[in-house]
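**Q** Okay, here's what each chain looks like letter by letter:
2 protein chains.
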Amino acid sequence: MSGFAARPLLSRLLRGLTHPQVNPARLLSLARPVLSFKDVSSYSLRSHTCGELRAVHAGEDVKLCGWVQFQRKQLFVTLRDSYGVIQLVLPQDKNHADIKQMLAHLPTESVVCVQGVVQLRPIGEANKTMCTGDVEVAVSKVEMVNKSKTLPFQIRDFFQVNEHLRLKHRYLDLRGSQLQHNLRLRSQVIMKMREFLINTHGFVDVETPTLFRRTPGGAREFVVPSREKGKFFCLPQSPQQFKQLLMVGGVDRYFQIAKCYRDEDLRQDRQPEFTQVDVEMSFVDQRGVEQLIEELLQHAWPDGKGTLNLPFPRMPYKDAMEKYGSDKPDTRFGMELHDVSDIMRSSGVTVFERLLKDSPGNSVQAVNVKQAALHMKNKDVEKLQESSKQTQPKGLSVLSVLPGGEVKGPMAKHIGAPCRNALLQELQAEEGDMLLLAGGEHLKTCELLGRIRIECANILETFGVQLRDQDVFNFLWITDFPLFLPKEDGSGWESAHHPFTSPHPDDTDLVFSHPYKVRSQHYDLVLNGSEIAGGSIRIHDAELQRYILEEVLKEDAAVLHHLLEALQSGCPPHGGIAIGLDRLMAILCKAASIRDVIAFPKSHAGHDPMSGAPSPLTDAELQPFHVRVQPESS
Amino acid sequence: MSGFAARPLLSRLLRGLTHPQVNPARLLSLARPVLSFKDVSSYSLRSHTCGELRAVHAGEDVKLCGWVQFQRKQLFVTLRDSYGVIQLVLPQDKNHADIKQMLAHLPTESVVCVQGVVQLRPIGEANKTMCTGDVEVAVSKVEMVNKSKTLPFQIRDFFQVNEHLRLKHRYLDLRGSQLQHNLRLRSQVIMKMREFLINTHGFVDVETPTLFRRTPGGAREFVVPSREKGKFFCLPQSPQQFKQLLMVGGVDRYFQIAKCYRDEDLRQDRQPEFTQVDVEMSFVDQRGVEQLIEELLQHAWPDGKGTLNLPFPRMPYKDAMEKYGSDKPDTRFGMELHDVSDIMRSSGVTVFERLLKDSPGNSVQAVNVKQAALHMKNKDVEKLQESSKQTQPKGLSVLSVLPGGEVKGPMAKHIGAPCRNALLQELQAEEGDMLLLAGGEHLKTCELLGRIRIECANILETFGVQLRDQDVFNFLWITDFPLFLPKEDGSGWESAHHPFTSPHPDDTDLVFSHPYKVRSQHYDLVLNGSEIAGGSIRIHDAELQRYILEEVLKEDAAVLHHLLEALQSGCPPHGGIAIGLDRLMAILCKAASIRDVIAFPKSHAGHDPMSGAPSPLTDAELQPFHVRVQPESS
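The listed protein sequences correspond, in order, to chains A and B. According to full-length UniProt numbering, the residues represented by the first sequence are 1 to 634, in order. According to full-length UniProt numbering, the residues represented by the second sequence are 1 to 634, in order.
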């Protein structure tokens, strides 16, 4: 309960319930409009919300409902509802001793309904840090609605509670102002998106089924046994097939706030069920979809978060990998990758010289971590080395830049002066900088240094070097992805995104001759280093789709017969995108995790500590579904 | 393709591609605004939609994309998109022979993009039955986008296709104007609801989880095995617990268009997944929720469906049962039930006399099926008898009213004149009416005749007697339900709705003494004989909730420990409602089944004939979930 100003108690005591003198000039200056345009007291037992009372309400008889937040010396109670807090003044006369007795002694977080008159606080006693700080309500009637027990933690924002306890009592955590803000902002952003899509651009909100058939390669789909023995539904990872079928069905402009499911090891930013803003359009090209999303985000962008400049910048996948070592680069800070292969080819550093000679597919990449030598300790560098060695056994070569252009580090004594100078120049290195080099297969090396670049930023920020401004929103389209990638085991090709992605129009012929060279019409939208949306122009030609499924991907096209048949039935050219709503909201709310923008998230481990889900079922409960838990031996 | 008027072909041939004379007066009169306020061609490859072209567009070069709907004599092609149809005129000069060749011979339902100039049709050749019938587009360029194969059925609304085939090729069925209309209206109604709830009344759209813990008594919940051996999620039948927890969490005004799941034998109006408009408010009473819903429906009510008069009428459950024999009465027609116990007590009809003597809980009920004797055949009456005998072995007593107040029927010879006259007067019977009587336990007899009342209406309507006007919307609140009902097996009590329903404030003490006498604060909203919404004021007192769970319902309260604990943690009084969106939309769209207002419904049998869901999974696919299909022997 921040900002509760100290004030002279005696004068208050003497004043009792009489109205204070009203200073008309002050009244006028405080006649601010009520914060919300919404009628949040309609159909309600209250006449006003706690948060809306202002000087203009002085003299009004009001009915308020809320939670007892704070009690002070049997004189004042702070009452909170979902819209703010107001100070209640307890009656001090004997006739109302019962009111005072009840309100002063109720456990905090108990629920009451009170009636009383709004009065201006005495001159000089207003609390400027409270929206309602000019007034208070002299209570004349009270109804105790629900007495609270002692809670496992307090509803105070500055109170740090471990996340498991917060999730177990999520209904209490939700009362805090941060989650209240996040959930309300989420609702507003979605509503603005709907207005833009439906009211302005004629999109149709269509619900697609979540009980569907298993899709090929759907390894992470939840299964749902049906009452037909041996037959299962699956919870789809996205409405991909349905949205394409809607295009075939002439819906033309579809969107849905879609619940999606992915059964996987939960990482920081994953939940088994998550939400995407799912969009698909017929008769559109890549730039059309991109422009729609740019203007959608601009329209839905919350007040106070700056304005978005359109169009968003664009970067081909290849450039992103070579400049940032990532297909979702955080462009809020520099420290870009530099290809120093030519410099290192005859540097005297044998390891680099050798790997560059070994294969034309190898390269040496370098990053200049500005001023890192001033901050980073040995253990930080060791951490970076350890992390590097997960993908590159040789790790990083580290050079600290000393005064006068000297360098320090394991490699320093091998490196020739011309090479050293060329390196310093290429990386625009100055005293205090730290140069990190790695070599090996080109893309993998870029990826490694891209990862190290982010880890360096994380480390430097712990030292107070601010690299990534949370109030800056850097959007970036990544385009021209490869359509196919070699499978991990080298046995063939797999789709870089999904098998319905259309090849780049310039590369269509290459599908049949050199599939690995084909660029796709896939596009990702990156915000501050997070992929927040991804989509593509889809294949609308049945023959091309069949060829890619059967001949390139070597998949069984039979399970997708309905889609192939649909493509033959007059399928319009179409494309779409899905925005990861949870992640977008987490960035907008500056939340550490998407769990903080979801009302009832699962824990890290995929559990609901509140209800205890998932939970055991008996054989009898499983009987109708004709399944049983595997016996121990299997 | 209705309304394609015949027209002189020769004049068209001679005219070729030259622009016809424009009659300025005619141009003015046709300058109607484009139908939609929405910019449905934004971000698109088309410049206009097929449906929007009017005389004012004459002379404009347009780009259109759509489906070939109809071809006539190598002269004209009707092009359809999601917004309407337009006539294309094919070029007849040799330089454009390729255009003519392609468009005239493409299979219908192929997709093309065309470019051309809008021209007025010659004077006298406008087609007034088409929105775009004043103009046509002279094609100068065409791109064949997708050639359609021969389709399993034609995209014509008058074409009757069996439902299985339609579901198997749902993407084709969706192209028809009926499903297009239904899906678009659904999207609009939901959007208007959102505007009312969010923008006007400050509700917060909160997504609640669909992977949850099994609830007690959740016999029809789908189960979802997790990767933790032996542990399962369930797909909830409604967000009931979450919405109550949101109230405890101070969200205050929650709503969600919620996907719900119920694993049950599919009846006409059921789907395994369905959608409800889910609402919950804190600090509200029953009338507050009712009023919110009334004004919500009034706001969202589609144009052309009349206006809703508020408030909706109300009827206690007991009255509905006694007047209509149903807790969801269709009040669009009369034929109410009459209690004729007093008349039949000494009627000479032994069966009725005896059962009335047997128990004070028995009654005799009668319905006057107006003018039924003029229409119904013996076999219709036999059908009613058969149906009655499902619940009442003695069936119905049937009396036809003859001229002069005589009656005919098996009972006629037993019934005394005073009794007969009293009966005719009570039922306001006239010549040609048919009186149906049944006796037995009071409520069961009412229910039986309520069912028969509807069956009679169904039969009479097959004879062209219109009883139920599809353009009339009769809303009715049913209130004062019993809180508990005796279990089928007589072993105790169960909740009439759900265990979180609050008792009527006047009956709270009876919970502890005479639970069967307690009325609840549950309310149903009935529209034309369908329950389209149901809700209640909830219990917010932990002790009362625990008592009802443990002492009245004899359930294990432990699985609901989180809810009971939440109620102890400062739970506000709260209540809510859920609108069955599918059913509401089906009534608004005059659809025979909710399947016609769902984009991709399951069939009667719970299957998706398009994808083949549900489908078999291999042991390997089930392995990660530690379940297997029960062996044949078990």
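Careful, some of the hints might be misleading.
It does not matter which identical chain is meant; a pair holds if it fits inside one copy or across any two.
To be verified - Here are the computed lysine-lysine pairs in the BS3-like style, where the Cα-Cα straight-line distance is at most 30 Å: (1) Lys323 to Lys305; (2) Lys318 to Lys517; (3) Lys94 to Lys149; (4) Lys192 to Lys389; (5) Lys554 to Lys149; (6) Lys147 to Lys554; (7) Lys38 to Lys383; (8) Lys192 to Lys305; (9) Lys305 to Lys38.
Because the hints were derived from the structure by calculation, they are not lab data. Computed from a predicted structure; not experimentally measured.
**Q** None of the hints should be skipped; say for each whether it holds.
**A** Structure-based check of each hint:
1. Lys323 to Lys305: within (28 Å within a copy, 60 Å between copies)
2. Lys318 to Lys517: For Lys318 and Lys517, the Cα distance is within 30 Å only inside one copy (12 Å; across copies 75 Å).
3. Lys94 to Lys149: within (28 Å within a copy, 89 Å between copies)
4. Lys192 to Lys389: neither (46 Å within a copy, 57 Å between copies)
5. Lys554 to Lys149: Intra 62 Å, inter 25 Å, cutoff 30 Å: inter-copy only.
6. Lys147 to Lys554: Result: close only across copies, 26 Å inter versus 65 Å intra.
7. Lys38 to Lys383: neither (52 Å within a copy, 56 Å between copies)
8. Lys192 to Lys305: both (15 Å within a copy, 28 Å between copies)
9. Lys305 to Lys38: Both ways: Lys305 and Lys38 sit 22 Å apart in one copy and 28 Å across, limit 30 Å.
Of the numbered hints listed earlier, those contradicted by the structure are 4, 7.
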